[in-house]
Amino acid sequence: MSSVVKDEHHDEHPSGIMRWITTTNHKDIGTLYLWFAMIMFFIGGLMALVIRSELFQPGLQFVDPQFFNSMTTMHALVMIFGVVMPAFTGLANWMIPIMVGGPDMALPRMNNWSFWIMPFAFSMLLSTLFMDGGAPAGGWTLYPPLSLQTGDAFPFLIFAIHFMGLSSIMGAINIVATILNMRAPGMTLMKMPLFVWTWLITAFLLIAVMPVLAGGVTMLLTDKFFGTSFFNAAGGGDPVMFQHIFWFFGHPEVYILILPSFGVVSAIIPTFARKPLFGYASMVYATASIAFLSFIVWAHHMFTVGMPLAGEVFFMFATMLIAVPTGVKVFNWVTTMWKGAMTFETPMLFAIGFIVMFTIGGFSGLMLAITPADFQYHDTYFVVAHFHYVLVPGSIFAIMAACYYWLPKWTGNMYSETLGKTHFWLSTIFVNLTFFPMHFVGLAGMPRRIPDYSLQFADYNMIASIGAFGFGFAQLIFLYLIIKTIKGGTKATDQVWEGAEGLEWTLSSPPPYHSFNTPPVIK
Amino acid sequence: MKEKKLNIRTAKKLIFICFSMFLFSFALIPLYNIICDVTGLNGNTSNLKEKVEAYTETISTEKLNVQFISHQYNGEKLVFKPSEFEMVVSPGKVYSTVYIATNKTNSNIVGQAVPSVSPNEAAKYLKKIECFCFEEQTFEPGKVVQLPLYFAIDEKLPNRIKTITLSYSFFEALNVSKKD
Amino acid sequence: MSLIKNLIFFIASMSVFNIAQAGWLDLNMTEGVTDLSQEVFGLHMLILWICVVIGVIVFGAMFWSIAMHRKSRGVTPATFHESTSLEFLWTIVPFVILIGMAVPATKTLIKMYDHSDSEIHIKITGYQWLWQYEYLNTNVSFYSKLSTPYNEIYNKDTKNINYLQEVDKHLVVPVNKKIRFLLTSNDVLHAWWVPDLALKRDAIPGYINEMSVVINEPGIYRGRCAELCGRHHGFMPIVIEAVEEKEYEEWLANADKVKSSDVAKINK
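Chains as they are written, first to last, in the working numbering: chain A, 10 to 532; chain B, 13 to 192; chain C, 5 to 272.
A couple of the hints might just be wrong.
To be verified - Each pair of labels, with its calculated beta carbon distance range:
hint : chain 1 : residue 1 : chain 2 : residue 2 : range
1    : A       : 194       : C       : 32        : 56 to 62 Å
2    : A       : 301       : B       : 14        : 55 to 61 Å
3    : B       : 157       : C       : 159       : 50 to 56 Å
4    : C       : 181       : B       : 157       : 32 to 38 Å
5    : B       : 18        : A       : 503       : 27 to 33 Å
6    : C       : 182       : A       : 231       : 39 to 45 Å
7    : C       : 260       : B       : 105       : 32 to 38 Å
8    : C       : 31        : A       : 294       : 35 to 41 Å
9    : C       : 160       : A       : 136       : 33 to 39 Å
10   : C       : 155       : A       : 485       : 35 to 41 Å
11   : C       : 161       : A       : 168       : 41 to 47 Å
Since the hints were derived computationally from the structure, they do not count as laboratory data. All values reported here derive from a predicted model rather than from experimental measurement. Even for Gly, the Cβ is constructed at its ideal location relative to N, Cα and C.
So that you can see chain A by itself, here it is in the shape it has in the complex (with noise of 0.2 Å):
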């Protein structure tokens, strides 16, 4: 096997697993991500249907509140570490080495690693759930004191963490250097499609902040095993510290699971409009302020933790100003879509479906980031609703687009056009049948991470789990449409779709396992 990773350019590869095992191939790479996500999409999901099987109705019907606290907290880090994040690692993989035109990734034995760290993360996080004292239960947010009063999980959780903040390190050192030395000559910067504009800010923000992250549970692990106290009060400590470190991290994190999303979505609007991306240049500006401007935001998050006024009454106006910047770009999409020629293909429903609901989600975040109304929200199902908006309609659906848009490219073949737009309808019904009814809850006064509920809570509770029932089986459609369209089907010309702009459509479909290998011709 060596001989093949020593000599990359070489056009045969092992077959079977060990093609996988060994690859350096950014396409492969990339299919491992998008696939591992994909596992873990239906794992997480099945950890949200457990959640809303429990809050069906009032009372305790089916788990234990130990146990539902664990799913809360596992649902959390397997959606954002094992299904948005490596998602978007696996687009990048596969789209950005094409669409600046370099052959590879920058460095690809690493990026093999990368990715097979993974797992092993993943299996480690998920084998807490068979511990002593079960899974992790504090919250994926890890508060101290709580979280050090998990069982023999801890130390599992901990190196869990930091695996996958390693994973997501590599990945981003691997993005940013294909970006910054891979370019085919005359791509410049300002010529690179918004996608690897996206990641690349957004591999600079993971670079920056999963160490951070990695210092925080650290200090945990000391804290509970070797005596420290960083976040004990009786040892000279402050538990307030742990959730500045936090959101010092957590922050920036949430713009790392929906910036490429928006690389994607400026992707496929103008594809669909057959019109240029209305004000590029606006669009980088502002992906750049919104990443600096998370660093100096965390601590909305903490609100009702009894900062000093002046500390509220910043952090209320630094959370506001980002609004600036979201809107440039919504305003820049709908402007792209004014006076274009429109078609609806599935991968353009879920891009306009983003640009909606990941605006509800923008509008209820600016509602959150009014501090005394955040006194009433924080903490309830107001913010559930909020974060889900952004993540689910927002970057997952994203993913999807996504999916939709290049799987011709990937797999030479079309998808099934009605299968796609059923699972986007029925994606949309349901996604909305379950969020937006928690907003109700939230302002009637539901908090979040309880397994059981008053009375007056129980009607949108049981709409918010038939709708999660709904979209979690609407999920099915997308992957069987995904096997179905690589087994076969109708052949998929290069250009794919009639606007289709980048380098990506200039190869044929699928692509050649090394594509680039002389640069191309930078117009």
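Here the structure of chain A is known, so what remains is to put chains B and C in place on it, guided by the hints.
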């Protein structure tokens, strides 16, 4: 191969950023403490002795209330209470009060009281001249101990703060007794 | 189109479920019973309407475009892709709107941080999983914990109307007096939240937090722990009873006599 070298150089730079950020996360702890000391961000008053400057010179005519409360994490074993709930004080003047601790068990209790001030902006204006919280305390079985506290309020205290609460949480020393 | 369809479906399903039990009022945040909670409600509605207006304009333009500028209508796509004035405009306008929202929000916030002239001081301590209330400067101190029977939680009995929001001992306070709460915790983080009073603050072990309130109307107000605190996080409600001052004085005198004989009971 030029490209490969370039890639490795880029990777090295990025790894360097990565490591600095990891170290930065640990540096956040002292940074946070400094910011807290300067601004009183978390209501954690310094556990150190303050220098007594000529406080008596500038006694303001303002009056404000200082309240004392306590919290003990093992209420069964140690009763730890302020002797008085509230004091009317003038900024600039030195006052004293006592906390009373009773060990209800048959063995020594070792631990330390950790102060916290509300509103937390007031923390840096509350000057403790002598306090039992500066060091670890040992309570012998059955004994009632008076723990003195001498303090003054800095006259720079913003006018809008009229009530300050000083809370002591008593933590029993476990294996962390050697810290601080 | 998708949105409109969804919305119609939504409203239809909502009303079917709704008429049965909860009223339309339950869709929104409570106005509450303090001056500040009403201000918070006002802020909430202000920003909600601003968002609705922006949403109608943006989505309106988008859906108009979706309806009119489609290939099937035989349009030829325009080619414009830049307009400095337009881009400048939609950077500045949101900025101005934001300032318009930040000003009243800051004003309310400043009022919320004014705890001066408080007459009653109550210390609240969070435990896994109950609350302790101490009326400072009196001998009154008690624990307050969930009183919903297990049979209701495990679906053996029918649930009463106050299911999971009833406690054995109410926190009794007078109306029209400024009450200052000091919050701390005995173990992990908790958050004390009563929506009708628009009060929510974290209880942090080793630290104290404060908040204050003047309740305008007598009544029973219910809240919950809002920060994940372990297994029974969902089972530590708060019930606060606001009464006339006279009644409060009587209650306090009686409570003092009973003395808190239960103090030791739970502290195990």
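Against the structure, the hints:
{"no.": "1", "hint": "194/A with 32/C: 56 to 62 Å", "verdict": "59 Å, holds"}
{"no.": "2", "hint": "301/A with 14/B: 55 to 61 Å", "verdict": "33 Å, violated"}
{"no.": "3", "hint": "157/B with 159/C: 50 to 56 Å", "verdict": "53 Å, holds"}
{"no.": "4", "hint": "181/C with 157/B: 32 to 38 Å", "verdict": "37 Å, holds"}
{"no.": "5", "hint": "18/B with 503/A: 27 to 33 Å", "verdict": "31 Å, holds"}
{"no.": "6", "hint": "182/C with 231/A: 39 to 45 Å", "verdict": "44 Å, holds"}
{"no.": "7", "hint": "260/C with 105/B: 32 to 38 Å", "verdict": "33 Å, holds"}
{"no.": "8", "hint": "31/C with 294/A: 35 to 41 Å", "verdict": "39 Å, holds"}
{"no.": "9", "hint": "160/C with 136/A: 33 to 39 Å", "verdict": "35 Å, holds"}
{"no.": "10", "hint": "155/C with 485/A: 35 to 41 Å", "verdict": "39 Å, holds"}
{"no.": "11", "hint": "161/C with 168/A: 41 to 47 Å", "verdict": "45 Å, holds"}
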